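Going down the list, the sequences are from chains A and B.
Under UniProt numbering, the first residue of the first sequence is numbered 1, with each subsequent residue one higher.
Under UniProt numbering, the first residue of the second sequence is numbered 1, with each subsequent residue one higher.
Hints were generated in silico from the structure; no laboratory data involved.
These numbers come from a predicted model, not from an experiment.
Some clues are possibly wrong.
[Stated by the list, open to error] Straight-line alpha carbon distances no greater than 20 Å define the calculated SDA-like cross-link-like pairs of lysine to any residue that follow:
#1 Lys-191/A - Pro-139/A
#2 Lys-191/A - Gly-92/B
#3 Lys-231/B - Leu-198/B
#4 Lys-191/A - Glu-201/B
#5 Lys-70/B - Ser-138/B
#6 Lys-191/A - Ile-67/B
#7 Lys-191/A - Ala-74/B
#8 Lys-231/B - Glu-201/B
#9 Lys-191/A - Gly-69/B
#10 Lys-191/A - Gly-106/A
[Unchecked claim] One-sided and incomplete, this derived list gives chain B residues near chain A with beta-carbon spacing under 8 Å:
#11 His-12
#12 Leu-16
#13 Ile-17
#14 Val-76
#15 Leu-82
#16 Phe-90
#17 Ala-127
#18 Arg-149
No residue lacks a Cβ here, since even glycine has one placed at the ideal position from N, Cα and C.
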Amino acid sequence: MKKLLWPGITAVLLLAYPLVFTTPFQQRLGALVLLYAIAASAWNIVGGYAGQISVGHVVFFGCGAYASLALFTHTGLPPVLGMPLGIAAAVGIAAIIGTPTLRLSGHYFSMATIAVAELARLVTTNTEFLGAAVGLSGPTVPRTWLDLSFISSVPYYYLFLAVLVITLGITWWMERSRIGFYLRAIRDSEKAARSLGARAPRVKLIAYLLSAGLTSVAGSLYALMFQFVDPESGLGILISVKMLIMAALGGAGLLFGPLVGAAILVPLEEISNSLLGGRGAGLTFVLYGAIIVLIARFRPDGILGLFQSARKAPEKHDA
Amino acid sequence: MTLLSIRNLEVHYGDLIGVADVSLDVAEGEVVALLGSNGAGKTTTLNAVAGLIPASGGSITFAGERIDGKPAYAVVSRRIGLSPEGWRLFVGQSVENNLMLGATPLADRSRAAPLLERVYAIFPRLAERRLQLAGTMSGGERQMLAVGRALMSDPRLLMLDEPSLGLAPATVEIMYETLERLHGEGLTILLAEQSVELALEFADRAYVLQVGRTVMSGTASDLADDPEVQKVYLGMG
């Protein structure tokens, strides 16, 4: 029973939030927290559990966002139908870039992922089909309910909450599966895991593909809510960094870590943006830099790590 | 019968030469020691056998089958277990999880439970600590866990990389007594060891490595009495 206490409280708080906080700003903030929590949770699968720090996950986010809005722009179909296309594109791209880059270790992998993401941004900026530098927009006025275009943020809030639950469900399942078991072993010592016969490249690739597909879903949801994407908002490196910081701040490799991180960082950013306005745009980077330094110095295992340090040893598994 | 046979093994790390020319044989049921100073190529040789690093020349034959060029998971499933240098434990996981990860190559999963019992019987200390995190254990316990983990794949050949490194003398003694017992049960062992005295006491035969080449070999007792070994190996005389 005790095990279900915290997830239970979290679920009740999340369900009740839009009913308690009723201003549009607060509701939009809640939806954004959930959106980023989805993206950061997806990142967490490969960055947290497998310990492969991707700084290029925005590529997959971009896949989702661009697939949704490109589908609408070129065929007039509702953007939500682009979601499976985005997942397919993200998984395909992940397979192509993951196969060589996951062989790299540590920061070499991180650097390779940055390069791929920047390349994707530059190519998109020069591709007319994807709106080039101007970007792509969604339907100006909703035509049917399938356009999922709402003035209030509350429908998005509950949609994102449902997707977050699915994402965390998949992560939870993976954590307990044989794959999750190997991922943690690889994070501790890839060489030892390999010497025991774990097929490290394959296990990492599976995690990477899963993570890419889920990140793409977050991108599609972003496109649904904002109805607009351009190379900066869909493929900018800052989005990759946000996913990473949120997971690391909350607790990388922990199920609820990214949600905690998003619940802290998104309000912080929104508030600092509204206080500083346009003049302080660059300060967001400064803020993120400071947070990275603080996490690295004081809590490498994130905020949830504080509560986990007294945790019991992992229970007996059934391998 | 020869279980493991290495002929003219060459391993390169980029432009660096890890091993230039190593040849050795290990017969079934035998204990063979690899001697040599730091950088002589002992760890590289063991890692090449385990498939962790590719050989760039020569051959490695195990139970009559070429295994050089095979990936690590294929090698370990042929029942070659490695207890790596520095243990390389999964420090964030429990003792039992570490051991169960060692059962990865078993085709028949149901064999894991009896093997686990066997490892606990060999190292009762591990049974006492089965739920403890590996990262919180002492050096001696970590070494036990590394060996126990390698035993979980039910190896025909157990390779040990520096089993005495960094351990207290009393712990080293317990370790070697245990290895002696496993040897008595018929396990074939190939070990790299910096402590010549210990290695020659335990092994049947030994090879001396120097800058990536096998320069000398013989029975343990012959080598122990040979002043040349002292010279090549310890730089004495």
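Hint check results:
1. Lys-191/A - Pro-139/A: Answer violated: Lys-191/A to Pro-139/A is near 51 Å, above 20 Å.
2. Lys-191/A - Gly-92/B: holds, 15 Å
3. Lys-231/B - Leu-198/B: holds, 17 Å
4. Lys-191/A - Glu-201/B: Outside the cut-off at roughly 30 Å; violated.
5. Lys-70/B - Ser-138/B: violated, 34 Å
6. Lys-191/A - Ile-67/B: Judged against 20 Å, a Cα distance of about 18 Å means the pair holds.
7. Lys-191/A - Ala-74/B: holds, 15 Å
8. Lys-231/B - Glu-201/B: The given pair, whose Cα atoms are some 19 Å apart, holds under the 20 Å limit.
9. Lys-191/A - Gly-69/B: holds, 17 Å
10. Lys-191/A - Gly-106/A: Distance ~13 Å between Lys-191/A and Gly-106/A Cα, so the pair holds.
11. His-12: violated, 18 Å
12. Leu-16: violated, 18 Å
13. Ile-17: Violated, because the Cβ-Cβ distance from Ile-17/B to chain A comes to roughly 21 Å (cut-off 8 Å).
14. Val-76: holds, 4 Å
15. Leu-82: For Leu-82/B, the interface hint holds, since the closest Cβ of chain A sits about 5 Å away, which is under 8 Å.
16. Phe-90: Cβ of Phe-90/B sits 4 Å from chain A, so the hint holds.
17. Ala-127: Since the shortest Cβ distance to chain A is 13 Å, the answer is violated.
18. Arg-149: With Cβ-Cβ at 7 Å, under 8 Å, it holds.
Of the hints listed earlier, those the structure fails to meet are numbers 1, 4, 5, 11, 12, 13, 17, in rising order.
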